[in-house]
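J.: The lines below spell out each chain.
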Amino acid sequence: MRLEEHPVIDFSRRRGRKVTIYFEGQPIEAYEGEPIAEALHAAGIRVLNYAPKTGRARGLFCAIGKCSSCLMKVNGIPNVRTCITLVEDGMNVERQRGLEPLPRDYRPPRWKEAQRVEADIIIIGGGPAGLMAGIKAAEHGATVALMDENPMLGGQLVKQTHKFFGKREQFAGVRGVKIAEIIAKEAQEKGVNIFLETSAIGIFQDGEEKIVAAVRKNKELVEFRGKAVIVATGAMEKMIPFENNDLPGVYGAGAIQTLMNTYGIKPGKRVLIVGAGNVGVILAYQLIQAGVEVVAVVEAMPKVGAYFVHAAKIRRLGVPILTRHTILRAEGEEKVERAVVAEIDENWKPIPGTEKVYDVDIIALAVGLRPSMELLHQVGAQIMYVRELSGYVVRHDDRMETTVRGIFVAGDSSGIEEATTAMLEGKLAGLAAALFVGKADLRAIDEMKKVRQDIDEFRSGPFGERIKIGEEKVMIR
Amino acid sequence: MSDEYLSRGYLTTEELKEIVEIPSEERLKKKPVAVPECPQEIPCTPCAEICPVGAISMPTPNDRPIVDYEKCIGCSLCVQICPGLAFFMIHYRGEVARITMPHELLPIPKRGDEVVLLNRRGEEVGVGKVVLVIPKEKSVGDTPVVTVEVPLNLAWEVRAIRVKEAGE
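Protein sequence lines, in the order shown, are assigned to chains A and B.
Quick note on our numbering: the first sequence kicks off at 48 and runs consecutively.
Quick note on our numbering: the second sequence kicks off at 9 and runs consecutively.
Treat the hints loosely; a few may be bogus.
Distance condition first, Cα-Cα at most 27 Å in a straight line; then the derived DSS-like pairs of lysine-lysine [claimed, not checked]:
| no. | chain 1 | residue 1 | chain 2 | residue 2 |
| --- | --- | --- | --- | --- |
| 1 | A | Lys313 | B | Lys39 |
| 2 | A | Lys214 | B | Lys144 |
| 3 | B | Lys146 | A | Lys232 |
| 4 | A | Lys403 | A | Lys350 |
| 5 | A | Lys285 | A | Lys313 |
| 6 | B | Lys172 | A | Lys316 |
| 7 | A | Lys232 | B | Lys144 |
| 8 | A | Lys100 | A | Lys65 |
| 9 | A | Lys486 | A | Lys232 |
| 10 | B | Lys144 | A | Lys225 |
| 11 | A | Lys350 | B | Lys25 |
| 12 | A | Lys274 | A | Lys159 |
| 13 | A | Lys515 | A | Lys350 |
| 14 | A | Lys285 | A | Lys350 |
| 15 | B | Lys146 | A | Lys225 |
| 16 | B | Lys39 | B | Lys146 |
| 17 | B | Lys146 | B | Lys38 |
| 18 | B | Lys25 | B | Lys37 |
| 19 | A | Lys237 | A | Lys497 |
| 20 | A | Lys264 | A | Lys159 |
| 21 | A | Lys266 | A | Lys159 |
| 22 | A | Lys313 | B | Lys144 |
| 23 | A | Lys120 | A | Lys274 |
| 24 | B | Lys79 | A | Lys214 |
| 25 | A | Lys214 | B | Lys146 |
| 26 | A | Lys350 | A | Lys396 |
| 27 | B | Lys79 | B | Lys118 |
Okay, the calculated beta carbon distance ranges per label pair [stated by the list, open to error]:
| no. | chain 1 | residue 1 | chain 2 | residue 2 | range |
| --- | --- | --- | --- | --- | --- |
| 28 | A | Gly365 | B | Glu33 | 55 to 61 Å |
| 29 | A | Leu146 | B | Met66 | 56 to 62 Å |
| 30 | B | Lys37 | A | Pro367 | 33 to 39 Å |
| 31 | A | Arg49 | B | Met66 | 38 to 44 Å |
Chain B regions said to be covered by chain A (calculated; three or more residues, Cβ under 8 Å) [as the list claims (entries may be wrong)]:
| no. | segment |
| --- | --- |
| 32 | 41 to 53 |
| 33 | 95 to 102 |
| 34 | 108 to 122 |
Just so you know, the hints here were simulated from the structure itself, not pulled from any lab data.
Heads up, the beta-carbon is just placed ideally off N, CA and C, and yes, glycines get one too.
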């Protein structure tokens, strides 16, 4: 089902030309510019593949190309991440059953045929951190190439219909979708060389140069060469253990936002949300805006973790927030049909007799994010586990440079925080990298001072406490 | 004050009165006045930045907004821009009160429509009449703002509306 009317976004202006794809031989109507899994969801198809060992049905989970829950066979090629691969007219899509081989006549691309792209600075990730880094580096005279594996720039901002906090010069009071448009346009105008649908697969050192190996549109190899690399790869959604947590219809909060706010697809009819942090309660509000019923938000902690004002928005529209509750299990035949929740005691154990059953077709998990630091790990940067930053993160100095000279980090990939601080960290990394490659002058140093002040100011309240403790642990002095 | 409200997700009117000084009855009768329901210290400043008369004080971005009700001119810009949709305007007019609030849901009601009134828990507490609508195109914060006339005793209860369905 598709959304025709929405209080914030006009989808009729966003949708491309109508095309037809074939799902196991059956024609499905889709729009140019939308990914395969999303188009299938709009057509009511939830099961995308069957797991190799258990044969259990699997559906979408992250919808940003990170979790591999959406792998399908596309035009005979298995293991295609259908959540970020765009539909093409006449495309054949099949459910993948376990591990499937490549077709015998398939010829994989060769490294020596890779397209070569050169720039002073290579940026991996086109979200708020990567784009800001690109803007700042280009402003100070560096040449920049930026890649993102998604089909559009903006990272997770493209699905945020709410207005951001902070100061107005940091886009406070502006909706995330709009911020994405503004900074993507600015990066393009500043001459950042942009590669979409391009996944980085490794970072290597070659003398004084750095190589980022990448795959474009699942088929072409690209070799990016530069003097510095900024890793702004964001984060991925966490999962929690409960019975049937792999049932199609148990979706990460971000996947639901992608469906409804990026592509205008109604995610379901009735939703239970797990987690009352900012992501969970903002998702509840966005679902109501899309005309979807939210039966409850359950939260294991005794208090709402979100900014209170975001929670108040859904309470006054009648959505219950059940603190000290957890999900026990999902129920249904190859798709979510019910969710069972229960109250928990001081030892986090479900209290017998408190079970509640909700008839829902979607269970949204908003149980936190973890940094995407795999490329930094692969390149040999020092990694440590920091609870306050929500997982394994890379060590860096106050210019966002990691323990590998010339490799910088910014945004959620350096610790889970806000888009506002991701943009500020991006600015820092962009300026520092422009200095590192010898393009920026002393003005960049003054600008970095101002950015650092802005970051400190943003983190100075009670919500910044945790992050500051985490930053203290990773910071190289 | 206790943070009991965080286990529920809403403030009671009594809790609200503990965190912000409520405007005097005299001031409430004079013209609309902005009241923030923003109890936490969060890094957010658009209200203070947009206020045309400097009525909102916020020494650092993480401070809570405090409105000088004598300075406030009731222009609703803070209601329009607040990212947390936490600003409301109240105006006592004899037997009724007018409440100005953000409304980011479809359908957007029209002037003169009768709407269902919701309190901070989302419970229906009565019906009111829409007297003014600022559509999102005219709102500085891209958020439609609706002014609803409600019985005076609901002035501190009603914080959202539900537009009636056809035939309701």
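J.: So, for every hint listed, does it hold in this structure?
T.: Evaluated hints:
1. A:Lys313 <-> B:Lys39: Roughly 43 Å separates the two Cα atoms, so the pair is violated.
2. A:Lys214 <-> B:Lys144: holds (21 Å)
3. B:Lys146 <-> A:Lys232: Roughly 24 Å between the alpha carbons, so the hint for lysine 146 of chain B and lysine 232 of chain A holds.
4. A:Lys403 <-> A:Lys350: holds (20 Å)
5. A:Lys285 <-> A:Lys313: OK: lysine 285 of chain A and lysine 313 of chain A at ~23 Å, within 27 Å.
6. B:Lys172 <-> A:Lys316: Between lysine 172 of chain B and lysine 316 of chain A the Cα gap is close to 21 Å, so the pair holds against 27 Å.
7. A:Lys232 <-> B:Lys144: holds (23 Å)
8. A:Lys100 <-> A:Lys65: violated (37 Å)
9. A:Lys486 <-> A:Lys232: holds (23 Å)
10. B:Lys144 <-> A:Lys225: holds (14 Å)
11. A:Lys350 <-> B:Lys25: Holds - the C-alpha atoms of lysine 25 of chain B and lysine 350 of chain A are around 21 Å apart, at most 27 Å.
12. A:Lys274 <-> A:Lys159: holds (21 Å)
13. A:Lys515 <-> A:Lys350: holds (22 Å)
14. A:Lys285 <-> A:Lys350: holds (20 Å)
15. B:Lys146 <-> A:Lys225: Given pair lysine 146 of chain B, lysine 225 of chain A holds - Cα atoms ~17 Å apart, limit 27 Å.
16. B:Lys39 <-> B:Lys146: holds (22 Å)
17. B:Lys146 <-> B:Lys38: holds (25 Å)
18. B:Lys25 <-> B:Lys37: OK: lysine 25 of chain B and lysine 37 of chain B at ~18 Å, within 27 Å.
19. A:Lys237 <-> A:Lys497: Roughly 21 Å separates the two Cα atoms, so the pair holds.
20. A:Lys264 <-> A:Lys159: holds (18 Å)
21. A:Lys266 <-> A:Lys159: holds (14 Å)
22. A:Lys313 <-> B:Lys144: holds (23 Å)
23. A:Lys120 <-> A:Lys274: Given that 27 Å is the threshold and the Cα spacing comes to 38 Å, the pair is violated.
24. B:Lys79 <-> A:Lys214: With Cα atoms ~22 Å apart, lysine 79 of chain B and lysine 214 of chain A stay inside 27 Å; holds.
25. A:Lys214 <-> B:Lys146: holds (22 Å)
26. A:Lys350 <-> A:Lys396: holds (17 Å)
27. B:Lys79 <-> B:Lys118: The given pair, whose Cα atoms are some 30 Å apart, is violated under the 27 Å limit.
28. A:Gly365 <-> B:Glu33: 55 to 61 Å: violated (31 Å)
29. A:Leu146 <-> B:Met66: 56 to 62 Å: holds (58 Å)
30. B:Lys37 <-> A:Pro367: 33 to 39 Å: holds (36 Å)
31. A:Arg49 <-> B:Met66: 38 to 44 Å: holds (42 Å)
32. 41 to 53: Contact hint for the segment 41 to 53 of chain B vs chain A: holds, 9 residues under 8 Å.
33. 95 to 102: violated (count 0)
34. 108 to 122: holds (count 4)
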